[in-house]
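As a plain string of letters, each chain reads:
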Amino acid sequence: MMIKIEDLEVWYDSIPVLRDVRLEINRGDFILIIGPNGSGKTTLLKTIANLVKPKKGAVYIDGKESNRYSPRSLSKILSYIDPHLSREMPTTVLELLMTARYPREDLFKIKVDKEFINKINEIAKTLRIEDLLERRLDQVSSGELQRIIIARALLQDPEIFLVDEPTAFLDLKYRFEIMDLLKKINREYMKTMIVTTHDLILAGLYGEKIILLYKGMIRAAGDVEKVLKKDLVKEVYEIDVEEIYVNNRKILIPINMK
Amino acid sequence: MAEKIYYKGVKRFVFSLMILMILSITLFISSLFIGSSSINLYKIIHMLSNIFLNKNSSYNDPMMNILDLRISRGIAAYFTGSALGLAGLLIQTVTRNPLADPYILGLSTSSLAFVSLSILLFPDIMIFRWNLVLIAFLGALTGFFITIGLSKLAGGSSVAIVLSGIAVGSFFGGVSHLLLYLVQARYNIYIMYLLTGTAQTVLWRELPYLIYPSIAGVIISLLIYKMLNAYLYGDIYSRQLGFPPGVTRTISLVITSLLTAVTISIVGIIGFIGLASPHITRFLVGNDHRFTIVLSPLVGGVLTLFSDISVRIISYAYGAELPLGVITMMIGSPFLAFLIIKRLRE
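Protein chains in written order, with this note's numbering: chain D, 183 to 440; chain V, 2 to 347.
Capping the alpha-carbon separation at 30 Å, the derived lysine-lysine pairs in DSS-like fashion look like this:
id, chain 1, residue 1, chain 2, residue 2
1, D, LYS186, D, LYS432
2, D, LYS293, V, LYS12
3, D, LYS237, D, LYS258
4, V, LYS5, D, LYS366
5, V, LYS12, D, LYS301
6, D, LYS258, D, LYS301
7, D, LYS296, V, LYS9
8, D, LYS397, D, LYS235
9, D, LYS307, V, LYS5
10, D, LYS307, D, LYS365
11, D, LYS186, D, LYS411
12, V, LYS9, D, LYS293
Simulated from the structure, these hints should not be mistaken for lab results.
Note that the structure is predicted; figures quoted are calculated from it, not measured.
Bound-form chain V, shown alone (with noise of 0.2 Å):
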C-alpha cells in the first residue's frame, strides 16, 4: 500500500518535471518570434547559431539585436518567476499559511519602498546592483516582521496574516509611489515601472542577479528539505525530531527575502506567482519539499513566462508596452479569492 503511494509520487514528480521543462523550452523558443517586428524562424536559428559559434559577422544586423533583447527578456521573465515561485513556497511554509505570498504578506512593496528610498537620497547606487539587493533586502525583511508582528497582534490566524500584510503593502505600495515619483521628478530617471514590474528593460548583464540567486536558493532548500517537511506539523513536532525551527525559519526566511530583493531590484513588483505556483505544485506532486523545491521555481517561470508573452502580445497589438505585473495582477487575485472563500469555508 504505502508503496504503491510513494512510487505514484515519484512518478508524478518526474512526469511533472518532464511536462514543466518542455513547457518551459516551448515557451522560451515561441517568445523569440513573438513581439512588435517579426523574425521568421530561418533567421532565428541562423542568428542562434552565429551566437552560439561565436561568428560575429552578422552582430550589425538589426535584427541581431532585437532577437538579444528578445532572448534577455524571456531569460529575465522566467528566472523572476522562479525566484518568486520558491520564494513563495517557502513563505508559505515558514507561516504555515497557504495564503502567503512576497506580495500579498508587504515584503515586494517594502522592498520597492527601501530601494526607492536608497535611488532618491544615492541616486548612483543604480549602478552598485548588489548594494541595491542588499538594500532590497532589508525591505523585503522589514515588511514580513512588521506584517507578522500585526498580525499576532490581530490574533494570527491565516487571513490575520493576509490583512495586515495587506494593510503593510498598501502602505509601502503608496510610499514607494511616492518616493519613485518624486526620484522621477528630481533625476529625470524613469523607473516608475518598478511598481508593476516588466522584464522588458532588463539587459543581459542584469540577468545574473535573476540566475544565481535562485539557483543558489533551490540548492540551498534542497539541503534542508528534512527540516522543512518537519516545520510543516509545528515548533514542537520539528523540535522533538532534532530540528530547531529557527534554524529553519532563519534560513527560509533569508532565501525568501533575496529572492524577492532581486526580483524588486531588477524587474519590479510581479505579485501573485509566489501565491499560485506553490499551489499548482502541491496540486501536481503532494507536500513533500523533496519535490516542491525543484518544480514550483519550474511553474513559477513558466507562469511567468506566459504571462510575458502574453503582455507582448497585447503591446503589439495596441502599440504601447503593457507592464507585466498587470497580467500576473489580473491571473492571481481571482486566484487568491477563491483560496480565501475555501479556507473561510472550512
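Just chain D, same shape as in the assembly (with noise of 0.2 Å):
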C-alpha cells in the first residue's frame, strides 16, 4: 500500500489549514510527523484517511484516489486511530473491541466467530488488557485507553496505522511503551504507521522519516539528521533547543524561550 498526496489544499471553513502538501510514504515505512499547535498534523491524517475533504488536490492510495474507495473498502485498509472516542454511553472495553472487524464482516451477522474471539485474547495479552476487557471504557486511564485503542486497531488489522497523538497525557514510561509497541507492529506485522506526536524528545529517539509541518506547510522532511535542526526547530517552535546525543541518536532538549 502505497501512498501518494499531490498538491494538497485543505481549508475549514474559511481558514486554509494545509497547503500545498507533496507527500510518497512506502509501504512499511515508520512516519513520525511532528510540528506546533495548529500546524495541521491531525488534519493530515485526516485527510489521508477521507475524513476531511481536501479542497484541491488528492491522496492516492495504490494509485486509486482515497475518495472513489467505498468507506467500507478504505475502512479494511486504512485506521485512523485517537483516543477522543465517544464515552458517554455506558459500554465496556469489550464491546468497544468487538466493533473492530465489522469492516470484515457481513453487516447482518449476528454471530460472533470464535477465531476473532481467540484473536482478541490473543491481542488483548499482548497488550496486557486482558483484565480490563469488562471494565467499562469511561473508567480506564489515559494510558489504558491508548492501549485499548491500539489494540482495537490492530484487531481491525488495516495496512495503514494513521495514529493521532498517541502519547499525549501519558507520563514518561506509558510514552516509550505505545511508542515501542506502534514500532513493533511497524516492523513486524510490516504495517504503514504514520504517527503525530508532539514531543520532540520521542522524535529524536524513535524517528527514521520525520515530517515538520508548520502553518499547514511541509517545512521539512527526512531523516533526524534532517529535520532535527537546532535553527529549523527554533524557527518552528519559538523556543531554544541544545542538541545531545544519546548512543549515536541525535536528541533535542528543549531549554527556554527563543
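Now that you have both chains on their own, put them together as the hints suggest.
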C-alpha cells in the first residue's frame, strides 16, 4: 500500500489548514509527523483517512484516489486511531473491541466467530489489557485507553495505521511503551505507521522519517539529522533547544523561550 | 478470557429473554382477570377457546365483550410499552445521551400538539388513522429538531439536552392542552385523555397501528445493529469503520419518531417508559445493540402492562378510571432524578 499525496490543500470554512502538501509514503514506512499546535498534523491524518475533504489536490492509495474507495473498503485499508472516542454511553472495553472487525464482516451477521474471539485474547494479552475487558470504557486511565485503542486498531487489521497523538497525556514510561509497541507493529507485521507527536525527544529517539509541518506546509522532511535541526526547531517552535547525542541518536532538548 | 465474558453476555441475554417472555405472558393472562367486573378462570378459558375455535355461540354474552376489551387493552398497553422501549433505546443512542427519552426530549408533546391542531382543523382526520400517524410523526420530528437546536445553543451537554427538552416539551404540552380543550368545546369530542395516555379506549382495529410499527422497528434496527454499535463511539469512529453516521442517525430518528407517533395517536402521552427500559436492559445485558434491540421493547412492554394493571386495580378500588400515563410518570420521574444525580456527580 503506497500513499501518494499531490498538491493537497485543505480548508476549514474560510481558513486554510494545509497547503501545497506533497508526499510519498511507502509500504512499511514508519513516519513521525511533528509540528506546533495548529500546524495541520491531525488534519493531514484525517485527510489521508478521507475523513476530511481536500479543497485541492488528492490522496492516492495504491494509485487510486482515496475518495473513490467505498467507505467500507477504505476501512479495510486504513484506520484512523485517536483517543477522543465518545464515552458518553456506558459500554465495556470488550464491546468496543468487538466493533473492530465490522469492516470485514457481513453487515447483518449476528454470530461472532470463535477465531475472532481468540484473536481478541491474543492481542489483549500482548497489550496487557486482558484484565480490563469487562471494565467500563469511561473508567480506564489514559494509558490504558491508549493501549485499548491500539488493540482495537490491531483487530481491525488495516495496512495503514494513522495514529493521532498516541503519547499525549501519558507519563514517561507509557510514552516509551506505546512508541515501542507502534514500532513493533510496524516491524513485525509490516504495517505502514504514520504517527503525530508533540514530543521532540521521542521524535529523536524513534524517528526514521520525520515530517515537520509548520503553518499548514511541510517545512522539512527526511531523516532525524535532516529535520531535527537546531535552527529549524527554533524557528518553528519558537524555543531554544540543545542538541545532544545518546547512543548515536540526535536528541533535541528544549531549553527555554527564544 | 474474552470468550468467557462474551459467552457470559450471551447467557445473560438468553436468560433475560426467557424471564421477560414468561413475565409478559403471566402479566397478560393476569390482566384478563383484573378489572371492574370479575371473571373467573373457567369462564375465561371457556371464552378464549370459543374465540380461538371460532365458535360464535356465546357472542351475545356481555362477559365476552368485557373480555374482548381486556384483551385489546392488554395488547395495547404492552405494544405501547414496546414501541416506547425501542424508541427510547434508539434516541439515547442517537443523542449519545443516557438521559434521553421521547417524552423528556419533547417529541411526545410536540407530536400531540400537531395531532391536536390537525383534529381541530379537520375533525374528519380521526377516521383516517394513518394520516393522523403521519402528522404525529412530523410533530415528533419537529420537537426533536427544536430541542437539539436549543441544546446546541446551550452548549450541547447531556444535561443541556434534557433542559431544552423540558422547555420544548412544556411549551408543546401547554399548546396541546389548549388545542384539545378547543376541540372538546367545539366538536364535543372528548380526547383530553391523550394528555396522560390510556390504553382503556383502544379498539381491536386500532391494535395494528401499534403492533406492526413496533415489529418493523425491531427488525430494521436489528439490520443496522453494527452501525448503531459503532455510532456510540462518535461520528469519526463510525466513519472510520465505514459507516456514515448520518445514515445511522436518519434511520434511527425515523423509527423513533414513528414509534412515538403511533403511541401518541392511539393511546396518548406515556412518559418515561422510553427512559427506563433501555437502562434496565443495559443493566441486564450491557450495551451491545444486538441484544438491547430485542430486550428493550420487551422490558418496555412488561413495565407498561404492569403499570396498566396497577391503574386498573386503583380504578377498581376508587371507581373512576385513572390514566395510565399518570402511573408511568410517577414511577419514571424518580428514576430520571436518580440518573441526573448520578450523571452530575461523575
